[in-house]
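**Student:** Spelled out, the chains give:
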Amino acid sequence: MANIESLLHGFTIAITFPHLFLMVIGVLLGILVGVLPGLGAPNGVSLLLPLTFGMQPVSAIILLSSMYWGALFGGSVTSILFNIPGEPSSVATTFDGYPMARDGRPSTALATAFGSAAFGALVGVVLITLLASWVAQVALAFGPAEYFAVYFLAFASFVGVGGTPPIKTLVSLAIGFAIAAIGIDTVSGSVRLTMGIDELVKGVNFVVAVMGLFGIGELLLAVEEEFHVKAVSSKVDWGEVGKTLIGLPRYGWTLLRSAAIGCWMGITPGGPTAASFMSYGIAKRLSRNREKFGYGAPEGIIAPETADHSAGTSALLPMLSLGIPGSATAAVMMGGLMIWGLNPGPMLFIDQKDFVWGLIASMYVSNIVAVVLVLLTVPIFAALMRIPFYIIAPLIFIICTVGAYSVSNSYLDVLLMFGFGVVGYLFKKTSYPLAPLVLAIVIGDKAEDAFRQAMLMSKGSLGIFFSNALVTCLVLGGFAFLLLPLVFRARRPREQDSMLDTHES
Amino acid sequence: MISQRAVELTAAALAGIFGMAVVVSSLDNGIGWSESGVDAGTFPFLIGIVIALGSAYNFARGVLLTYEIAVTAPALRRVAGLFIPAAIYIAAIPTLGMYVASGCYMFASLGLQKKQSIVRTVILSIATPVALYWVFERLFVVSLPHGALFAIFGL
Numbered sequence: 001m002a003n004i005e006s007l008l009h010g011f012t013i014a015i016t017f018p019h020l021f022l023m024v025i026g027v028l029l030g031i032l033v034g035v036l037p038g039l040g041a042p043n044g045v046s047l048l049l050p051l052t053f054g055m056q057p058v059s060a061i062i063l064l065s066s067m068y069w070g071a072l073f074g075g076s077v078t079s080i081l082f083n084i085p086g087e088p089s090s091v092a093t094t095f096d097g098y099p100m101a102r103d104g105r106p107s108t109a110l111a112t113a114f115g116s117a118a119f120g121a122l123v124g125v126v127l128i129t130l131l132a133s134w135v136a137q138v139a140l141a142f143g144p145a146e147y148f149a150v151y152f153l154a155f156a157s158f159v160g161v162g163g164t165p166p167i168k169t170l171v172s173l174a175i176g177f178a179i180a181a182i183g184i185d186t187v188s189g190s191v192r193l194t195m196g197i198d199e200l201v202k203g204v205n206f207v208v209a210v211m212g213l214f215g216i217g218e219l220l221l222a223v224e225e226e227f228h229v230k231a232v233s234s235k236v237d238w239g240e241v242g243k244t245l246i247g248l249p250r251y252g253w254t255l256l257r258s259a260a261i262g263c264w265m266g267i268t269p270g271g272p273t274a275a276s277f278m279s280y281g282i283a284k285r286l287s288r289n290r291e292k293f294g295y296g297a298p299e300g301i302i303a304p305e306t307a308d309h310s311a312g313t314s315a316l317l318p319m320l321s322l323g324i325p326g327s328a329t330a331a332v333m334m335g336g337l338m339i340w341g342l343n344p345g346p347m348l349f350i351d352q353k354d355f356v357w358g359l360i361a362s363m364y365v366s367n368i369v370a371v372v373l374v375l376l377t378v379p380i381f382a383a384l385m386r387i388p389f390y391i392i393a394p395l396i397f398i399i400c401t402v403g404a405y406s407v408s409n410s411y412l413d414v415l416l417m418f419g420f421g422v423v424g425y426l427f428k429k430t431s432y433p434l435a436p437l438v439l440a441i442v443i444g445d446k447a448e449d450a451f452r453q454a455m456l457m458s459k460g461s462l463g464i465f466f467s468n469a470l471v472t473c474l475v476l477g478g479f480a481f482l483l484l485p486l487v488f489r490a491r492r493p494r495e496q497d498s499m500l501d502t503h504e505s
Numbered sequence: 001m002i003s004q005r006a007v008e009l010t011a012a013a014l015a016g017i018f019g020m021a022v023v024v025s026s027l028d029n030g031i032g033w034s035e036s037g038v039d040a041g042t043f044p045f046l047i048g049i050v051i052a053l054g055s056a057y058n059f060a061r062g063v064l065l066t067y068e069i070a071v072t073a074p075a076l077r078r079v080a081g082l083f084i085p086a087a088i089y090i091a092a093i094p095t096l097g098m099y100v101a102s103g104c105y106m107f108a109s110l111g112l113q114k115k116q117s118i119v120r121t122v123i124l125s126i127a128t129p130v131a132l133y134w135v136f137e138r139l140f141v142v143s144l145p146h147g148a149l150f151a152i153f154g155l
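Line order of the protein sequences matches chains A and B.
Just so we're aligned: 389 in the numbering used here is position 389 of the first sequence, and the numbers increase by one with no gaps anywhere.
Just so we're aligned: 77 in the numbering used here is position 77 of the second sequence, and the numbers increase by one with no gaps anywhere.
In case anyone wonders, no lab produced these hints; they're calculated from the structure.
Be careful, since some hints might not be right.
Cβ-Cβ distance ranges computed for the label pairs, FRET-style [stated by the list, open to error]:
1) A/L376 / B/R138: 27 to 35 Å
2) B/P94 / A/D103: 52 to 60 Å
3) B/T95 / A/L131: 53 to 61 Å
4) A/L376 / B/R120: 24 to 32 Å
5) B/G81 / A/F466: 52 to 60 Å
6) B/L14 / A/Q56: 39 to 47 Å
Backbone N, C-alpha and C define an ideal beta-carbon position, used for all residues, glycine too.
Construct the complete structure from the given sequences, taking the supplied hints into account.
**Tutor:** Here it is in structure tokens:
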């Protein structure tokens, strides 16, 4: 197996002292942003991004991806101990994690969460190991038309299965595309959509957008909801942890099903948040002891945590092999790849073998590092939550401001970030999804270029998108996703009773 | 108190205005097909149309909403309590510079707004800019704006 050989080579890159050190730093910073409400994985990674410009790409990606894993774990800590989701994707963990911890079993709750999270991550990485280079090989044969079709499919699946109102998702996506178009057009060289502001010629950096949309937006939401920290004991009982971990295989079926849901949602750009909710819902529907859900059922922790982490991990598969990120954080990392001078997509597997397999191998190692570190540091980070939020809030605001400024030493970026923050708050209040917006900012230009190159090849005929079986399937699949909400709506009257049932209980 | 309808309508209206601005602005680049392929304005033009039409739909949906509270009065006060000082902070950066502005912002938020003890306030207000200076200027050699105030003193 060539994959296994490449993976072993990857381990020789990942398991070196400097890289292990970067993993520890990345995971710790990740847990920090995961624990703090208002700072999440997408803007944590974008804050760190400017600091990686001087690094080797493989070291930089190991640092950033470790931060991502850390943030996924950190989000669960506050969900379980404080009933405050540190990350949107760990909201579903609060449903059963907090009740279990409150009933005097915080160690069991934490160990269940971390154990199933590690399992989910493992499934995601194994999937990447086995499939990524195969997908890349297929994608090597892609022309511009096929690429546009894949982008189209990805964006359409957001509208179809994103779980937010479809027209709002569409508007959110389109706004992202429009923002991506601001500045110099890569094909014709003409300046577009600057609206009379000369400095916008350089375009709007996605880091600035992420910092505002996720950072400031979440911060405003967090002060609005004014939570009272009612922590349960954060002491970790190691005997209990061991017993729980050994007992986890009893829930094998839930683990496998949740991992499958997570992988699917991660590869298609549904993202970890949608995955964890979906997995929780399905686990509840299929469980034999449904009445225990919401009062500390172990399945209620296993299902969202496994799906969350397998989605977060497998989101890197399409990013590496196709150049299409599967989540907002993966989009930020892909932006980083482009800044480091790498071209995300199938060519990576030929030109940058060390980078790709170093990253994949590091995912095995850093997830283990993350589980160990998060268990060891639970008391420390729990203590951090006792700092009053009115001290943390202005600090986070200052960090985001400085972060936005340092992207390109521009005050305009600070103003833009603030504007994006207001938009982020407004969109959160009105359930416009933010992930598609960020995704469109990062890959909008590439999608447009693919479209225009395809049109050049066909001399202006849309027929090129139906010129062979592959591209026709992709395009039709995209349209099917777009029409999905209409199908659901037509079916809804019959399903209304059962829908209400799941929400009420 | 702010109703969900008002929030929905504001979001839809802002998005719609942005969409129309994109449409108008893209006309400058030319839309349609020319010798060099698809014109630069075509894609933004179509995108702008999608935003405008989608927002019109969302606006109409918003009008039909039944009354529901989106933000209660105390919640709004808390949001304003973060938002207004933050806006002043950002506006002050070009004059005061990042360091002085950050220090003042911490001082104002903790000392004046939240009535923290003077010792705690002063320590945090000084520690913040010092930490920024150390991390950015020293560790990563990124220069943050020192501001017009410092320029007068020739720093």
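**Student:** Does each hint hold? Answer for all of them.
**Tutor:** Structure-based check of each hint:
1. A/L376 / B/R138: 27 to 35 Å: holds, 30 Å
2. B/P94 / A/D103: 52 to 60 Å: Given a distance of about 54 Å, which is inside 52 to 60 Å, the answer is holds.
3. B/T95 / A/L131: 53 to 61 Å: holds, 55 Å
4. A/L376 / B/R120: 24 to 32 Å: Since the Cβ atoms of A/L376 and B/R120 sit about 29 Å apart, the hinted range of 24 to 32 Å holds.
5. B/G81 / A/F466: 52 to 60 Å: holds, 56 Å
6. B/L14 / A/Q56: 39 to 47 Å: Cβ of B/L14 to Cβ of A/Q56: about 42 Å, so the range 39 to 47 Å holds.
Figure legend: structure checked against the earlier numbered hints; every hint is met.
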